[in-house]
Each structure stands twice: as C-alpha cells, then as structure tokens.
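Given the sequences, and given the hints that come with them, work out the whole structure.
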Amino acid sequence: MNYRMLIFMFGEVSLLMGAIMCVPLFMSLGYGEMSTMAGFGIAIAVCVLIGGIGLALRPPKDKRDLRPSSGFAICGMLWIVLAIIGAIPYRVSGYIPNYIDALFETISGFTTTGATILNDIEILPKALLFWRALTQWLGGMGVLVLAIALLPKNDKMSTALAKAEIPGPQFGKLVSKMRFTSRILYAMYVVMTLLLVGILCLCKMPVFDSFCHAFATASTGGFSIWNDNIAHYNSVSIEVVLTIFMILFSVNFNIYFMIIMGHFLKAIRSEEFICMFIMFFVATAVITIDLCVRHTYATFGESLRNSVFNVAGVISTTSFINCDFTEWPILSQVILIGLMCIGGSAGSTAGGLKVSRFMIVSKSSYINLKKTLSPRSVYTLKMDGKPINETTMSNVQNFFILYILIIMASTLLVSVQESNFGGANSFETNFTAVLSCFNNIGPALGSIGVSGNYTSFGVFSKIILCIDMLLGRLEILPILLMVSPKSWRKV
1 MNYRMLIFMF GEVSLLMGAI MCVPLFMSLG YGEMSTMAGF GIAIAVCVLI GGIGLALRPP
61 KDKRDLRPSS GFAICGMLWI VLAIIGAIPY RVSGYIPNYI DALFETISGF TTTGATILND
121 IEILPKALLF WRALTQWLGG MGVLVLAIAL LPKNDKMSTA LAKAEIPGPQ FGKLVSKMRF
181 TSRILYAMYV VMTLLLVGIL CLCKMPVFDS FCHAFATAST GGFSIWNDNI AHYNSVSIEV
241 VLTIFMILFS VNFNIYFMII MGHFLKAIRS EEFICMFIMF FVATAVITID LCVRHTYATF
301 GESLRNSVFN VAGVISTTSF INCDFTEWPI LSQVILIGLM CIGGSAGSTA GGLKVSRFMI
361 VSKSSYINLK KTLSPRSVYT LKMDGKPINE TTMSNVQNFF ILYILIIMAS TLLVSVQESN
421 FGGANSFETN FTAVLSCFNN IGPALGSIGV SGNYTSFGVF SKIILCIDML LGRLEILPIL
481 LMVSPKSWRK V
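If you read the sequence shown in our numbering, its first letter stands for residue 1, the second for the next number, and so on.
Please keep in mind that the hints were generated in silico from the structure rather than gathered at the bench. Please note that a few of the clues may not be correct.
[To be verified] Simulated pairs of lysine-lysine, BS3-like, Cα-Cα distance not exceeding 25 Å: (1) K382 to K370; (2) K363 to K386; (3) K386 to K370; (4) K386 to K177; (5) K266 to K370; (6) K382 to K266; (7) K266 to K177; (8) K371 to K382; (9) K204 to K126; (10) K386 to K371; (11) K266 to K371; (12) K382 to K363.
This is the structure in structure tokens:
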C-alpha cells in the first residue's frame, strides 16, 4: 500500500466533500435554520482538517500509482470515512440524537439504499432534507468517480479507483482516458437529473421537492421528504414521470453513450437491456392480474397503476412508495422480492445482483446442464454475441456464492440480537431487512414495510445492516480487501 497516496486521496476527497457540504450550510443560513448550521460547520471543518493533512503529505507525481487491490481498499475506507463525516450534521443538530442512527441514515443515503430510522421525516429542517437527498445523488454515480472527473490524476490510479466503485461484472471505459469517461458519465447523470427536475416542476411539484425527489430517483435511492412518500402527492402524472425515470436510471449508462454516438440499434439490442425490460413487463402483468383476481383494488386501472409504479421502483431499487405492497397477495410479494434481489443493469445507479450477473449465472447453469446430457459437445457462453471469458465467469460465480453467504451470515447475526437481546422482530422482518440493505432497496416486509422503519433494530443489528449496505453498493470486494492484511503491505 502506498500510504502517502492513501492520505493524499483522503485529503482530496475530504476537501471535495467539504465544498459540497457548503450548499446545505448556505441553505440553513438562507432558511434561518440555526440548529443545522453548527452541524454542517463542524463537518466542513473536519473535511478541511483532513484535506490540509492530505495535501501537506502528498507524494511526488512519480509515486502516485496504486495497485488494483489498494484501489479497492482505499475505496472501501473512503466511503466509511465520508459516512462518518456525513453523519455529523444529523447528530449535532439533535434531529438524530443517537450517532449510530445518524451513521445508519448517512450510509443508507450514500449507498442509495433508502432505509431510514426516522419515525417522522417531515420534522427535519430543509437543509437536512436536502443533505439527505444529496448524499443519495453523490452515491448514485459515485463519490470517487466525481473526484476523478474533477481532480487531476494519472489514468492508472483513476482506473484502479473507478473499478472499485463502478458496479457490474465487467469494467470498461467509454473513452481511452478514465478521467474523460468519468466526466461523460457525470455529464449524462447531471443532464438527466436536471431534466427530471424540470418535468416534475411542470407536474406542479414544488421546486424544493422536485430537486430532492430527482436526486432520489437519479440515484435510485428512494428517500422522500414526506412520511407517506410519493403517495403524498396522489398524482398520476408524477408517478408516470418517476416510473419512466426510475427505469431510465437503472439502464446501463453505456447504452446512452452508444445512442449519443449514433449506435442506436446496437444499444437497444443489448441482451441485458432487453432482459430487464422483459422482466419489468412480465412482472407488471402477473402482479396486475394477481391484484385483479384477488380484488385488492376496486378497478383494473388502480391495480395497473400500483403494479407498474412498484415494479419499476423495486427493479430499479428506488422503491418509492405510492401504496402498501405488504398488503398485496403473497404471489405479488414474492415477485417483488425476486426483483429486489436481481435489481437493475450493471453500469447504472441501481443496486441488486444486476441483470447481467443473473443472465450469466442462468446461462452458465443451462450450459452445464446441457454438458451433463451431452458430455462431448462444446458450448460457449455468450453475451451480446461475444464469448464471456473464464475470468469473468469465475468472478461472477464467486460473487454469487459470496452474495448468498453474506445474506445467510447477516440474517443469522441480525437474528442473534433480535432473538436474544430484547428484539421483537420476526424472521420475515430480519431476513427481508438484510435482503433490502444488501441489495440497496430500503423498505421490505414485516415491521419494516411501507409504513415502518429500521428504528426497532438494536445497535449491533444496525451496524451489521450498515456493513451490508456498503457491501451491496461497492459489490463486496472493496470492503473485503479493506480488511485484508495483504492490501496494506508496503510496496
């Protein structure tokens, strides 16, 4: 590990975060919210202190390279440090008096999970509500990707950091330089976010609300500024707009780049793109029929409206809420849990296992079955007509195994406290809480359903769920390599 490079990176990213936190600080001044000013002021001061130390110890330009494993480890540590700093305004302002709860809320924001411990969201001052939404937006595309786009770095180091933060089984640059790739990604991200803000304003959503909900949609995070979430507006037009953009932000951004470059047909022929839309339409159809057959709602139109919105929310891992899906029939709830695990596309802001990994695992299993029936036959696993190499196959299979093991271990650990130390949560609540946090969804079933939150979990359980959120957003490796002694050996 290049320790001076580590401290320098911490310094640069901390200064960037401090600059960003000036926005909610000025908002608290503008709205006269004196209770939040001290919190943001202290957090910014911490960022400046870390930044000053980092810049003072910056290494020479010829010693700023990173090994890939070091890039992963630094990424994991940076996210934890940023969450620790980001929780300060919640705690100092007194709106979340328990620091672990404040940390949970912040990690949920940065990882775009959307899980909350707040019983009453509406009591938060506007500066905190905006910061809560902004943490999601920053975490959606990635804090390090933003740092790469704005701060000068060599391409080798930029690539090592971006690999750790950009989700998906395969990493690829849009253009030759990682810095320009980051700028293109953020340019598309910003333009789509501002477009959504404008459309929501046209749908008569207030400007402040539009920014907060656009940030939550773009990041597929799902934090709302209202206790009853999107149901607060009771607007079909707003739900239609959010449904479209939830799906758009859960599509691989490489597809948008191909469309911009004039390769429209190639873009829409992407197998992952087609598979995700097939899952969306099939799930919507089945749930709509199930709701109609069970007479869950009075009309077909109401059943269709709620199924479309909630399927889009779950498959994109945004999970905005317009109704209580925990009251739906069991079949519909099972479908939602399945979509919760799969999530959106690789290279998007969505969470979950990712559609591409699901397809690779499914195709691999099918090929193995065919080989069992015809041992002498030769089969090649392909995506978009191109063979998948053995390294990618192995990585996907290992990821899937770790994915299952982490869910099992986390459920066990959460259940230990909830069963033996006064917790009253059911297995349904504990299991779906782990699924929800690990897949960066937010709401789940049981007491953490649409009308519930995570405040009933004990401190130990909340820490486990925080780790799950980080593991899910950073896709396991950065956190695992962060605790590996090999990552910290001097080079």
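- [ ] Identify every previously stated hint that the structure contradicts and give their numbers, smallest first.
- [x] 5, 11
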